[in-house]
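Hey, can you work out the whole structure from these sequences and the hints?
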Amino acid sequence: EPEVTQTPSHQVTQMGQEVILRCVPISNHLYFYWYRQILGQKVEFLVSFYNNEISEKSEIFDDQFSVERPDGSNFTLKIRSTKLEDSAMYFCASRTGVSDGYTFGSGTRLTVV
Amino acid sequence: KQEVTQIPAALSVPEGENLVLNCSFTDSAIYNLQWFRQDPGKGLTSLLLIQSSQREQTSGRLNASLDKSSGRSTLYIAASQPGDSATYLCALSGGYNKLIFGAGTRLAVHP
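Going down the list, the sequences are from chains A and B. So for the first sequence, my numbering puts the first residue at 1; every next one is plus one. So for the second sequence, my numbering puts the first residue at 1001; every next one is plus one.
No wet-lab data here; the hints were simulated from the structure. The structure presented is a predicted model; accordingly, all values stated were derived computationally and were not measured.
In silico SDA-like pairs for lysine to any residue, Cα to Cα no more than 25 Å straight-line:
id : chain 1 : residue 1 : chain 2 : residue 2
1  : B       : Lys-1042  : A       : Val-24
2  : A       : Lys-42    : B       : Thr-1087
3  : B       : Lys-1042  : B       : Pro-1082
4  : A       : Lys-78    : A       : Ser-106
5  : A       : Lys-42    : B       : Ser-1012
One-sided excerpt, in silico: chain B residues whose CB lies under 10 Å from chain A:
id : residue
6  : Thr-1045
7  : Ser-1046
8  : Leu-1048
9  : Ser-1093
10 : Gly-1104
In this text, a Cβ means the ideal position worked out from N, Cα and C, and glycines have one as well.
Right, here's the structure in full:
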């Protein structure tokens, strides 16, 4: 069964550093998403991406965050200057169309120290 | 603003029991509802997708129902097994974009 692949599985970074989280969505999917889950809390929406542009973003997704689909397969989330409160599990997801289910990757655990 | 609530927050049962996990939502204008399983420290595994025109979906020992008029969905797990121990998440899609998640039900099935 096709999978959404995320790398790395775990990243530790110093406060103030830039990080890039990488995702390879399922190849025929058209809608791409990033979510995050702070330990012990709900899964929260960050951003959705369709047709090479952001279609919606949450209040969390401020100027520190950016997304990019640099080629036909990768989808990246960049955090420019990490803060302690950015420590969370970050999930990438994709789906074919708006009435289809989401497929999530296994996540990247980001730890900011 | 859509709110998703899952009850109970945690459940511990002996192996073999049939279970019902509940999900309620405040806005019935949804595209679909998806149930996920999350093991500790892991990703989200999709269990069942119910589109807004459907009333229920079944997969093996799992059955999910959707009643948009009352703002409720239930996940029924038949003959529970220790391997079913995980957190079960209910999530709603209201359109093009985001899924809105409940806080989950943490299930422990003991032998």
